[in-house]
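Asker: The residues making up each chain are set out below.
There are 2 protein chains.
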Amino acid sequence: MLSNHFENGMDMARLAWSRLPHSEDGELDGVGLLSTSSNRNGVESLDYEVIENYAYREEQAQRGKFFVGYNVAVKWFFALLIGIGTGLAAVFINISVENFAGWKFALTFNIIQKSYLAGFLMYILINLALVFSSVYIITHFAPAAAGSGIPEIKGYLNGIDIPGILLFRTLIGKIFGSIGSVGGGLALGKEGPLVHTGACIASLLGQGGSTKYHLSSRWLQFFKSDRDRRDLVTCGCAAGVAAAFRAPVGGVLFALEEVTSWWRSQLMWRVFFTSAVVAVVVRVAMGWCKSGNCGHFGGGGFIIWDISDGQEDYSFEELLPMAVIGIIGGLLGALFNQLTIYVTRWRRNYLHKKGNRVKIYEACLISVLTSVISFGLPLLRNCSPCPDSDPGSEIECPRAPGVDGNYVNFYCGKDKEYNDLATIFFNTQDDAIRNLFSAKTIHEFSAKSLLTFLVMFYTLAVVTFGTAVPAGQFVPGIMIGSTYGRLVGIFTVNHYKKLNIDEGTYALLGAASFLGGSMRMTVSLCVIMVEITNNLKLLPLIMLVLLISKAVGDVFNEGLYDEQTRLRGIPLLESRPKYVMRKMTAREACGNQKVLSLPRVVKVADAVSILRSNKHNGFPVVDHTRDGEPLVIGLMLRSHLLVLLQSKIGFQHSPLPSHSRSGSGAIRHNFSEFAKPVSSKGISIDDIYLSSEDLEMYIDLAPFLNPSPYVVPEDMSLTKVYNLFRQLGLRHIFVVPRASRVIGVITRKDLLIEEESEDSATMELQSTSVRGQRHKTRLLEENGADAERPLLNGLLVQNQR
Amino acid sequence: MLSNHFENGMDMARLAWSRLPHSEDGELDGVGLLSTSSNRNGVESLDYEVIENYAYREEQAQRGKFFVGYNVAVKWFFALLIGIGTGLAAVFINISVENFAGWKFALTFNIIQKSYLAGFLMYILINLALVFSSVYIITHFAPAAAGSGIPEIKGYLNGIDIPGILLFRTLIGKIFGSIGSVGGGLALGKEGPLVHTGACIASLLGQGGSTKYHLSSRWLQFFKSDRDRRDLVTCGCAAGVAAAFRAPVGGVLFALEEVTSWWRSQLMWRVFFTSAVVAVVVRVAMGWCKSGNCGHFGGGGFIIWDISDGQEDYSFEELLPMAVIGIIGGLLGALFNQLTIYVTRWRRNYLHKKGNRVKIYEACLISVLTSVISFGLPLLRNCSPCPDSDPGSEIECPRAPGVDGNYVNFYCGKDKEYNDLATIFFNTQDDAIRNLFSAKTIHEFSAKSLLTFLVMFYTLAVVTFGTAVPAGQFVPGIMIGSTYGRLVGIFTVNHYKKLNIDEGTYALLGAASFLGGSMRMTVSLCVIMVEITNNLKLLPLIMLVLLISKAVGDVFNEGLYDEQTRLRGIPLLESRPKYVMRKMTAREACGNQKVLSLPRVVKVADAVSILRSNKHNGFPVVDHTRDGEPLVIGLMLRSHLLVLLQSKIGFQHSPLPSHSRSGSGAIRHNFSEFAKPVSSKGISIDDIYLSSEDLEMYIDLAPFLNPSPYVVPEDMSLTKVYNLFRQLGLRHIFVVPRASRVIGVITRKDLLIEEESEDSATMELQSTSVRGQRHKTRLLEENGADAERPLLNGLLVQNQR
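Listed in order, the protein sequences are those of chains A and B.
Take the UniProt record's numbering: the final residue in the first sequence is number 801, and no numbers are missing along the way.
Take the UniProt record's numbering: the final residue in the second sequence is number 801, and no numbers are missing along the way.
Just chain A, same shape as in the assembly (with noise of 0.2 Å):
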């Protein structure tokens, strides 16, 4: 019975904190990392702890109601600004892209009326100078760049963070290598690697900049509480979503669905503004781009497959061949997902041992042979001649070389002929896809043309998956899908003889399948395929389609995602528990390792041998009632410790708590020494001098401890602990003994407090009553009879807005 204590003449420091309001570290502890030395395949763990005092408190608590409006304000600023970065960032990759893959075609083009060898040879070259100079930035320059950053991501939303990934570094190598990779005409799309380069936009706005970590300390304490930062990221994750695909309803949902752990409903409409702005800023860059102003670029680069065009309606046999598309997509995507498991494996085991020259080579080599073949396969395939069109329809056959459009005249002989492997071979990835896509030209592409692409891109995919250079898998995903969807096209337009059957619409479906049978995506997939194509009604069909591709692929493994997160060794915590934690307790989980606790008043030189000796980022803090009971009064954070062993402030000779000093000691000590820069990697215990002398001193930690982390008792069930730690976003549980008794039970009832009467003049009240407060902790200051209020109790006040 605490309240016995201290009528039993308990020290009263422990009074001052039971009595006054203590800190939520709730969701704060969010992005906590892992907290021991588990580093497992070089997954490090940061400390991303974050501290607001008992100063900044009663700064804030003067403000008010002004604050407030201003927190909001600048939070809604932050999203306008990520969305505006994320956009034009969008825009540049897809500028510049367009126009180097544009220039290149051109010249290749030009070539290839004297010499189709000499065109070959340029073409080769072109491309492996992009590659080169896309993996040359990545292994040199930004190796976090690598791959398209969404098990990344995922990890850093789900508390993990992997050092670098939201580095300024990791922004320029993840741009600049994308348009390398991309321009060079990879088989692999620029659309993960902007969700990524929203991600670290997001994350760099947030801190104010990348060397410099305090841009204005008005902007940066808002961003200073965790929960801050990953709400940032993840308004920049959406906003490259909607950037890559012009989807700012899809951009929600991805973020929502696929990418971050905790989602709050508050934090939906900062995402989708965020979303909105990227598209209003994509769309304002596109209109300016028509007139003109940059270059090859005009209307291409971003992804809008329009096929308004496509079929209305469908009748009732038609839904066979769409249930076959799906059940193919979904034992492709599985199938992907199992290939490249197996290549990325490899890579990590043998071929990236080697260092970066194999990595660079590796590269070199793919972008060879994928020349090799996109521009070799089309000279061996035959012209078909071109169909008889109406005079009305403005299809143009065949149309010249270089130019956008369906049916290409590559190497063909004859006037009217075309070549249908080269219209969507030899092309720009997004021009391909249009063309696949296209409605009205049916028997464009002969079944022959589109399997040997299938086949040929598919093997290249694999291959590609897992280079150290920006890579997506949308694209890619879409391609091969749509191949297959439109070959199925034609078999269903052969049989049916139906006219209002568009191989175009099947071969959307098809990607839809593939990248569901791949990424086991679901409403964000829907809503992201509805969107690019702009058409609505055919979202019941893209449903279906995923409905079944999804479950196929899951009888056989996860969601690529899923398994690249597994495979670097991300250790994502699931939203729902594992099937074994049902039959273990929490004391079990806990293993046979021994606790290391603290006690209140601790001497200087135990602190650093306790720091030294493990790698445990909290520690107990136990202390003794007069009685002798001894009796856990909070959870003491190393990094916290660290902080207070360095600047040595809290330092006394005493070793019993002494009010006076510590008192002063949290008042000494700024919120902001405890927040640690999110990129740097905090300071460590051998970076610490201290002398003989302080080593013979001792620190109170009342005042910098958390007072009442969450406890479970030993004997319950692993799966209720891990729905506790994994939705309240904890980072330390303390395992206890059962109670003795129960002091009161909280029901619905207890928690509906009314605040509406009360709430302007609690207002009132309390920042009055805070200032008074504040003048008295000075008096008593001065008296030196102030003590134990504890620095911590104003520790995240922000987060509960």
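Because the hints were derived from the structure by calculation, they are not lab data.
A few of these clues could be false.
The list cannot tell twin chains apart, which means a pair is met if one copy fits it or any two copies do.
[Said to hold, decoys possible] Using 30 Å as the maximum straight-line C-alpha spacing, the simulated DSS-like pairs for lysine-lysine come out as follows:
| no. | residue 1 | residue 2 |
| --- | --- | --- |
| 1 | Lys537 | Lys290 |
| 2 | Lys648 | Lys594 |
| 3 | Lys497 | Lys448 |
| 4 | Lys615 | Lys353 |
| 5 | Lys615 | Lys583 |
| 6 | Lys537 | Lys497 |
| 7 | Lys416 | Lys75 |
| 8 | Lys749 | Lys594 |
| 9 | Lys354 | Lys290 |
| 10 | Lys603 | Lys290 |
Fit chain B to the supplied structure of chain A, relying on the hints for placement.
Answerer: For chain B alone, coordinates are given in the frame of chain A:
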């Protein structure tokens, strides 16, 4: 130290349950209810606790993977059923409303060819008859079906059950009441009621029918778990919105943003599927109706206000009038909320206290008033000459009365004239909105007519809100908003003198702004507006307007649903804790209420007197070690204790934990006994007859209790307690003294248990071991030596899947 207790010879019973896996009541408790007598404003606390006992769990374990698949399949099948059911209900309501309204207008127009007065009277009478039928159904048959039902469903999904909201009679009342009130021309819509209808259908399907609670025991068990029921109702809500607006994505987002309190991303795909099924059902039904099978229905009724003809581009100067629309929307929306609060309070405190008769009079009076205004005002309005139509345009002017479309000839003298007020006022609301949204009809409506309509309809909407009929606020909101939107559009056209400004687009923005200002929905509203107008390009504009109107509205009051939820006394737990909680501790929240705890073996007479003495829904069970130290061993639910008392199976003569009896008692109790039907009240202590002999007996509670409810230390900040309670959806939290020591600290790494390798092995192992154990259990039972394996171990196993 618990293990010490055991070593010290504490009875082995407790050891049994501390070793066995424990029950997980985490999310399961989700829809727990007000646990005490705090029945405010007639909100009753039903008990939703769900039991899946030991026997049930064994059954499940044996079924293994097949069962999991079956489980998933059944859930999807129910999603399909909900989609079909809600879709059909929506089609039925729409066809009925359209037919009643069409017949009404046709008849009236026929009569006014001869006499306007006779037509006027006929119009009033038909409306009166329809409204009377609606209000009669509601007052005499299904009182819970009044209003939109959204606040109630929101409460249900937050964990509060308002009696009757999910009954079969409510469903029937809602459907037929909607037809009467909407067909009768009142200023209300059928969209909110459709959400309620969807929820009712979902809930009824989940419990397998209305009166017969056991359609099939196999099916039923899936939806015994509270979480499954909640999921079904969530699906139903989304289906309702999808059916009302033919907006599947909007439906999902509405359920996510506005209605649910707990959201799992696994649920999202299922909810989306339900919405898509609705879309398909509605589409098929509409296709069938197009061939003339549905009377007056035709294409109308279902909201699709296609304004793809609207303006596509917008200049920078137009942002000003659009911002003005947003501000007007915020102001008028907030005013609407405020006025409805007064009206609702007045109704509740004065009018509706006088009984059903007054409610009927009231509705009839409002019906007559509405009829008089909507018929009379257009009569007073002078007709306008038809615009000079281009030869190519399809606009017909004047149209014959009784036909859908613009430019209605109503009480016009000359030939080439139309009555603009009649076009919007004397019409079904859907047609009126279509006319207001219509593009390329510049200056069809005069500012004077629009202003008249705005004032009159706004007043009618406020007055109608809260009458005892099913009533949605979407359509009235759209009407009001599009009116002033079009007004602003007129001024903009006049001021900027540009040709590409379209009044219809401004009407759409106005509609969005009013809904945003009143309901304060954001993403879902945005998506719904985009989906109903079928124009993705307006998204940024809609969002801009919504941002402004929501921000303006938030200055004044809360959203319509939140206000109404509070007025109805539905004690929602918000997702964020109240500010005052920061200054309170868990102990303070409990107040000075004495905790009533039960001993492990309780005398029946004592149990009865405890149950009679209070209304608590859960009791701590406290046992003593052999050393005499007390120990909290779990939580006993009132409902479970009542079941035990009623069945009398566990009764024993000895006051000691008797091993054989309770063990067999646990076995003899079927898990379904502990589950309560959704829509009845469960047993009360007064329903149980116990003889004086019974009262002298004892019950051993150990097998029936929840062995490890969540606990918090007494001085934890209430904010943290709130987060725990709310995020995990709990019903009871024990407040216990601060622990004396920490046995272990659980961090992320402790929860990263790999199931991968052991997965299949464990499955195998577990199913055999369970079977083995079961065999042993039987043997032990026979020997009378088995004991204490708690019945609740298997509880909620379902929910972990």
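Asker: Between copies, within a copy, both or neither: which fits Lys615 and Lys583 at Cα up to 30 Å?
Answerer: within (29 Å within a copy, 34 Å between copies)
Asker: From the Cα coordinates, with 30 Å as the cut-off, is the pair Lys416 and Lys75 best called within, between, both, or neither?
Answerer: Neither way: Lys416 and Lys75 sit 60 Å apart in one copy and 57 Å across, limit 30 Å.
Asker: Between Lys603 and Lys290, at a C-alpha cutoff of 30 Å, which is it: within one copy, between copies, both, or neither?
Answerer: neither (70 Å within a copy, 85 Å between copies)
Asker: Under a CA distance limit of 30 Å, which applies to Lys648 and Lys594: within one copy, between copies, both, or neither?
Answerer: Answer is within: at 29 Å inside a copy they meet the 30 Å cutoff, but 47 Å across does not.
Asker: With 30 Å as the alpha-carbon cut-off, assign the pair Lys537 and Lys290 to within, between, both or neither.
Answerer: both (29 Å within a copy, 18 Å between copies)
Asker: With 30 Å as the alpha-carbon cut-off, assign the pair Lys537 and Lys497 to within, between, both or neither.
Answerer: within (23 Å within a copy, 36 Å between copies)
Asker: Can you tell me if Lys354 and Lys290 fall within 30 Å by alpha carbon in one copy, between copies, both or neither?
Answerer: neither (47 Å within a copy, 69 Å between copies)
Asker: Within a copy, between copies, both or neither: where do Lys497 and Lys448 come within 30 Å Cα-Cα?
Answerer: within (20 Å within a copy, 58 Å between copies)
Asker: What label fits Lys749 with Lys594 when the C-alpha limit is 30 Å: within, between, both, or neither?
Answerer: Close across copies (16 Å), not inside one copy (40 Å); limit 30 Å.
Asker: When Cα atoms must be at most 30 Å apart, do Lys615 and Lys353 count as within-copy, between-copy, both, or neither?
Answerer: within (28 Å within a copy, 68 Å between copies)
The earlier numbered hints that this structure contradicts are 7, 9, 10.
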